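In case you want the letters, here they are:
There are 2 protein chains.
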Amino acid sequence: MAAVYENENIRIEIEESEIPWLKIFTQHTYKEMSEVPREIRMEIYDLLDTIEREMIDHYAPDKINIASFGNYVPHVHWHIMARFKEDSYFPEPMWGTKQREASLLLPDIGEFCERLVSRLKEA
Amino acid sequence: MAAVYENENIRIEIEESEIPWLKIFTQHTYKEMSEVPREIRMEIYDLLDTIEREMIDHYAPDKINIASFGNYVPHVHWHIMARFKEDSYFPEPMWGTKQREASLLLPDIGEFCERLVSRLKEA
Chain U
1 MAAVYENENI
11 RIEIEESEIP
21 WLKIFTQHTY
31 KEMSEVPREI
41 RMEIYDLLDT
51 IEREMIDHYA
61 PDKINIASFG
71 NYVPHVHWHI
81 MARFKEDSYF
91 PEPMWGTKQR
101 EASLLLPDIG
111 EFCERLVSRL
121 KEA
Chain B
1 MAAVYENENI
11 RIEIEESEIP
21 WLKIFTQHTY
31 KEMSEVPREI
41 RMEIYDLLDT
51 IEREMIDHYA
61 PDKINIASFG
71 NYVPHVHWHI
81 MARFKEDSYF
91 PEPMWGTKQR
101 EASLLLPDIG
111 EFCERLVSRL
121 KEA
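Chains as they are written, first to last, in this note's numbering: chain U, 1 to 123; chain B, 1 to 123.
So that you can see chain U by itself, here it is in the shape it has in the complex (with noise of 0.2 angstroms):
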């Protein structure tokens, strides 16, 4: 998968999805957030924020969703999700039992990305 966005640190992926989905890495392998130092931690929390707002500001979502599990390779990554009430699994987890079959109509990614890179770019 094509990196939307890295830097020395981290890199942005899409997860290909019916909603708005990107994943956040560290470029280095690191087990668990704790063993992250700190200053990269923080550029991940601070990415995560501007995805968020970017997000609601772009997709006005019925709520965002924020995870970190690596079970099955355990290299730190943060998963950030824009949820609607009309999804395939709201309102559980995009982990959880699938709630009916969704039709979304949301603009498109490609467009969004554009957006945020251009924002953590000035930033």
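Think of the hints as simulated: they come from the structure by calculation, not from any bench.
As the structure is a computational prediction, the values presented were derived from the model and not from experiment.
Treat the hints loosely; a few may be bogus.
As the list makes no split between identical chains, a pair holds if one copy fits it or if it spans any two.
[Stated by the list, open to error] In silico DSBU-like pairs for lysine-lysine, Cα to Cα no more than 30 angstroms straight-line:
(1) K121 to K98
(2) K31 to K85
(3) K85 to K98
Based on the hints, put chain B in the right spot on chain U.
Same frame as chain U, now just chain B:
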């Protein structure tokens, strides 16, 4: 549920589970993390970091999992869980498909919480 620890900004509760699982709530009801004042966001991230380190030290889990959903009740809260290869859902998230009937033998969470609270009061 009685709080394990609280101050004017946050409270920490235990989620009843086979695994060590704590939740951090903001005292004031915010829907999204980006609505939480920066100072309290940073306090939450520091708490997640402290709890993660204490869980690793006390339980030697296979992985730490962290998540913030709030789809049922739109009040920002964070889950932090110590996961084990032999728990009922591993490697799936705790919201995923059950993998097995587990019978974990873990140190008591009461003792863990006492140690955590001492650590938080020192800080």
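Here is how each hint holds up against the structure:
1. K121 to K98: Answer is neither; intra-copy 37 angstroms and inter-copy 42 angstroms both fail.
2. K31 to K85: Between copies, since 15 angstroms is at most 30 angstroms while 33 angstroms is not.
3. K85 to K98: For K85 and K98, both the intra-copy (13 angstroms) and inter-copy (25 angstroms) Cα distances are at most 30 angstroms.
Hint compliance for this structure: hint 1 alone is broken.
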